[in-house]
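Novice: Okay, here's what each chain looks like letter by letter:
2 protein chains.
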Amino acid sequence: MISKSQIKLITGLQQKKYRDKSGLFVAEGPKVIRELINEGLNLHLLFATDTIDSFPENTELISKNELQKISFLKTANTALAVFEIPQEKEIKETGLVLVLDAVRDPGNLGTIIRLCDWFGIKQLVCSIDTVDCYNPKVVQSTMGSIARVQVNYLKLEEFIDNSAMPVYGAVMDGDSVYSRQLPSEGILVMGNEANGISSAVEQLLDYRITIPRFGDIQATESLNVATATAIMLSEFRRVTGR
Amino acid sequence: MISKSQIKLITGLQQKKYRDKSGLFVAEGPKVIRELINEGLNLHLLFATDTIDSFPENTELISKNELQKISFLKTANTALAVFEIPQEKEIKETGLVLVLDAVRDPGNLGTIIRLCDWFGIKQLVCSIDTVDCYNPKVVQSTMGSIARVQVNYLKLEEFIDNSAMPVYGAVMDGDSVYSRQLPSEGILVMGNEANGISSAVEQLLDYRITIPRFGDIQATESLNVATATAIMLSEFRRVTGR
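The listed protein sequences correspond, in order, to chains A and B.
Sequential numbering of the first sequence, starting at 1, is according to the numbering used here.
Sequential numbering of the second sequence, starting at 1, is according to the numbering used here.
Among the hints, a few may not be true.
No distinction is drawn between identical chains; accordingly, a pair holds when it is met within one copy or between any pair of copies.
Stated by the list, open to error - In silico DSS-like cross-links for lysine-lysine, where the CA-CA straight-line distance does not exceed 30 Å: (1) Lys69 to Lys17; (2) Lys92 to Lys8; (3) Lys16 to Lys92; (4) Lys8 to Lys122; (5) Lys137 to Lys74; (6) Lys64 to Lys155; (7) Lys69 to Lys122; (8) Lys74 to Lys8.
None of these hints come from the bench; they were simulated from the model.
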């Protein structure tokens, strides 16, 4: 059985203001939930429609109808959990730090967090107006990677200004990323879906880099920010290894 | 004014069987529609809620309510067009040919078509069970690129068997794509979101290639097929240029 106050709490967590207030977020599906538990996140509530392999013993069994009521998905999975949002840690001046300037699409942020996990990027800095990483759609599309990547929301100008690391930014008219010597430590900035990097941040870049277009140069479309990030991170890692 | 039979036609085009029957598909939004017109696709119907820059004179003006009625989007854009599906051309044994084995997600296929356009991949071969490229969600997420990439739906085993080109496939346990010499002409196979390349197709690969993981090797998650395709195409183009 799920109580009324639990339903109210969980459905509220769709909104950022209730996540901020309660310090909690929702994850759905056994795979994602298992990854978050394995990574040591604190579990607050856990519901499932059936006994699930390697789930804690105190998992509360509820009906499919009850799960659908609290699920953020069109078709609920078999489990839903509420976790505590981990405490924000300080950024360290080490390794490759990915910076996102006003990325708005939850699916894009989720994909980018998954890419960070793949490429061993431990620190992701987001501008204040980037979509919240505990948005349920983001959590879902990270597939559990969110527990392995530290995400900080900061004023980008301040953060970049105070950093001693070289600052690379993905722009439309920079040097080819294939021809440039890339460092193993530094900051890589990726911009907003429609407008790219904001002009205030662009002024702080040390190096402007671009993924060359090999297709029709008349075409107006740019790459999606998640696929562009995939290519950029691949280039940094290819060149510098671990 | 939009007629009842037009509404019936357009809403029917959400389904593949009606697209196949009529040879028509829907595109929404001035930007996508303009790109498709510029690429020479035959326009069948064009509706807009207002006069739109560089749109043909015979654009039919309709109300926002009327547009919302025929739109496939939650919130309709300002224009909707019906185009003829171009005739399928034969595949040529030239350049880099991308092959998709059972990619099911419309967003992934759309992103991959956009990547083909960026990297100058002119030919995309999809298995019969890959999502239809004229699915409205695919058309929308290609952002117009679909007019510049030839897409064929074929039996993959037959196609690969009959090709003289070298066949590369993205697998989890192959050689690092960074260390391998890549050709300027060949076939690159990317697999299904959950199951990768089917075993029948995997047997036909000449080279098994992998994007190395730099993060925690314990983590179970793989890359999304669209981001993996981005990295693979970037590697082929980086090495071989045009």
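Novice: Look at each hint and say if it fits the structure.
Specialist: Consistency of the hints with the structure:
For a Cα distance limit of 30 Å, the shortest separation of Lys69 from Lys17 inside one copy, 21 Å, qualifies, whereas the shortest one across copies, 34 Å, does not. Proximity of Lys92 to Lys8 under the C-alpha cut-off of 30 Å is found in neither arrangement, the shortest distances being 38 Å within a copy and 59 Å between copies. For a Cα distance limit of 30 Å, the shortest separation of Lys16 from Lys92 inside one copy, 26 Å, qualifies, whereas the shortest one across copies, 52 Å, does not. With identical chains, the CA atoms of Lys8 and Lys122 are never at most 30 Å apart, being 34 Å at best within one copy and 52 Å at best between copies.
For a Cα distance limit of 30 Å, the shortest separation of Lys137 from Lys74 qualifies both inside one copy, at 12 Å, and across copies, at 17 Å. Proximity of Lys64 to Lys155 under the C-alpha cut-off of 30 Å is found in neither arrangement, the shortest distances being 43 Å within a copy and 39 Å between copies. In this assembly of identical chains, the alpha carbons of Lys69 and Lys122 never lie at most 30 Å apart, being 35 Å within a copy and 46 Å across copies at closest. Within a single copy, Lys74 and Lys8 get their C-alpha atoms as close as 18 Å, and across copies as close as 26 Å, so both meet the 30 Å cut-off.
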